[in-house]
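Engineer: Each chain is listed here by its residues.
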Amino acid sequence: MSSINGGRRCAACKYLRRRCSEDCILAPYFHPSNPHRFACVHKIFGASNIARMLQHLPVHKRAQAADAMAWEAYWRVQDPVYGSNAIIAHLQHEISKAQNELQMTRAQIAIIQNFQHQQHNQIQPNQQLQAFWALEDEPFVLPDLPHL
Amino acid sequence: MGGTPPCASCKLLRRRCAKDCIFAPFFPSDEPQKFAIVHKVFGASNVSKMLQDLPFQQRADAVSSLVYEANARIRDPVYGCVGAISQLQNQVKQLQMQLAMAHAEILCFQMQNDSSSLVNPQLGVDDDSDDNKSFLLNNNMIMASIPQSMNFSSSSSVFPESLKRESLWI
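Sequences listed follow chains L and F, in order. In the numbering used here, each residue carries its 1-based index in the first sequence increased by 83. In the numbering used here, each residue carries its 1-based index in the second sequence increased by 253.
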């Protein structure tokens, strides 16, 4: 049986029990050591759909596309109702939570900064007081009274 | 004659639309594009099997999510909705970083306040010390009120190791 990689069929051809030709379009992306990956993809998309979608892509994009389809298929197998939508909803919820927390934390920073500013303003009158008492060392000189 | 029109799937597949057609409740004849997209990406027989495996009340949601995924794949034939997931993950990471920086800023304020209360003993005058204590108290209350919800670790593990390709491509 013609095969790749030293006599082994790819996971797709092994699953489909067919000959794995040298130019098998699925072989580069579904290694025989990971049969579960192709099983998921085949269950959700179907081997012919996957092959067709990969064929329509430039060769350098096929690996990423195969990976993305494998993940989508995996999530759909795990959650047959919502699939990857559940992941998206979860992430959107996390983002909303993080945004709220960030807003709250920034408000807290503003409170602290305001408090510090108020404290700084309270210190300044003391400095003025210190400057005033420093004048105690200077001789007190009466101003010239106007000559009446 | 004059019965209900065939559903969008049977119309596209050019077959008789039976009374118990599994697609009919979810792919009405006036929305042909909906089924066309799903059929193009998943295939009618796969969709049929998926729906058959689900209880009836969950099928509408399943169809909606399949339509969403199919649309995403049509828009982006390489990444599909994984592209959207990747973007959302990046957003989560950025927000995590901003949150960490904001928390660090609060800690800096606390440390500054602690060090200034040691360096400036004149702040130990009664009125000022009360203010100082109240600031620390307020700050501690603020710190305590920050929810410990920095647990976004689950979002970084949505991509399972078992689905990654082998080292063939390294």
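Treat the hints as calculated values from the structure; they're not laboratory data. Because the structure is a prediction, the values reported are computed rather than measured. Beta carbons: idealized from backbone N, C-alpha and C, even for Gly. Incorrect hints may have been included.
[As the list claims (entries may be wrong)] Chain F is nowhere near these chain L residues, computed Cβ spacing over 12 Å in every case:
hint, residue
1, LEU99
2, ARG100
3, ARG101
4, SER104
5, ASP106
6, PHE128
7, ARG135
8, MET136
9, ARG159
10, ASP162
[Unchecked claim] Restraint-style ranges between C-beta atoms, simulated for each label pair:
hint, chain 1, residue 1, chain 2, residue 2, range
11, F, ARG268, L, GLN138, 26 to 36 Å
12, F, LYS293, L, ALA190, 40 to 50 Å
13, F, ASP306, L, PRO118, 19 to 29 Å
14, F, GLU284, L, ARG189, 24 to 34 Å
15, L, VAL142, F, GLY256, 44 to 54 Å
16, L, ALA134, F, GLU284, 21 to 31 Å
17, L, ALA134, F, LYS264, 24 to 34 Å
18, F, GLN347, L, ALA190, 17 to 27 Å
Engineer: Now look at each hint and say whether the structure bears it out.
Structural biologist: Here is what the structure says about each hint:
Interface exclusion of L/LEU99 from chain F stands, the closest Cβ pair being 15 Å apart, more than 12 Å. Every Cβ of chain F is farther than 12 Å from the Cβ of L/ARG100; the closest lies at roughly 19 Å, confirming the non-interface assignment. The claim that L/ARG101 lies off the interface holds: its Cβ sits roughly 18 Å from the closest Cβ of chain F, which is beyond the 12 Å cut-off. The claim that L/SER104 lies off the interface holds: its Cβ sits roughly 18 Å from the closest Cβ of chain F, which is beyond the 12 Å cut-off.
Look at L/ASP106: its CB is around 17 Å from the nearest CB on chain F, clear of 12 Å, so calling it non-interface holds up. Not every CB of chain F is more than 12 Å from the CB of L/PHE128 (nearest about 6 Å), against its label as outside the interface. Interface exclusion of L/ARG135 from chain F breaks down, the closest Cβ pair being 9 Å apart, not more than 12 Å. Listed as a non-interface residue, L/MET136 fails to keep its Cβ farther than 12 Å from every Cβ of chain F; the least gap is roughly 7 Å.
With a cut of 12 Å on Cβ distances, L/ARG159 falls inside the contact zone with chain F, its closest approach being about 8 Å. The non-interface label for L/ASP162 is inconsistent with chain F: the shortest C-beta to C-beta separation is roughly 9 Å, within 12 Å. Roughly 27 Å separates the CB atoms of F/ARG268 and L/GLN138, a value that falls within the hinted 26 to 36 Å. In this structure the hint that F/LYS293 and L/ALA190 lie 40 to 50 Å apart at CB holds, the actual value being about 49 Å.
One distance hint, 19 to 29 Å for the beta-carbon pair F/ASP306 and L/PRO118, holds here, with the actual separation near 21 Å. Judged by the Cβ atoms, the range 24 to 34 Å given for F/GLU284 and L/ARG189 is violated: they are separated by roughly 45 Å. Roughly 50 Å separates the CB atoms of L/VAL142 and F/GLY256, a value that falls within the hinted 44 to 54 Å. A C-beta distance of roughly 28 Å is found between L/ALA134 and F/GLU284, which places it inside the suggested range of 21 to 31 Å.
Between L/ALA134 and F/LYS264, the C-beta spacing of about 27 Å keeps the proposed range 24 to 34 Å intact. F/GLN347 and L/ALA190 have their C-beta atoms about 20 Å apart, which keeps the hinted 17 to 27 Å range intact.
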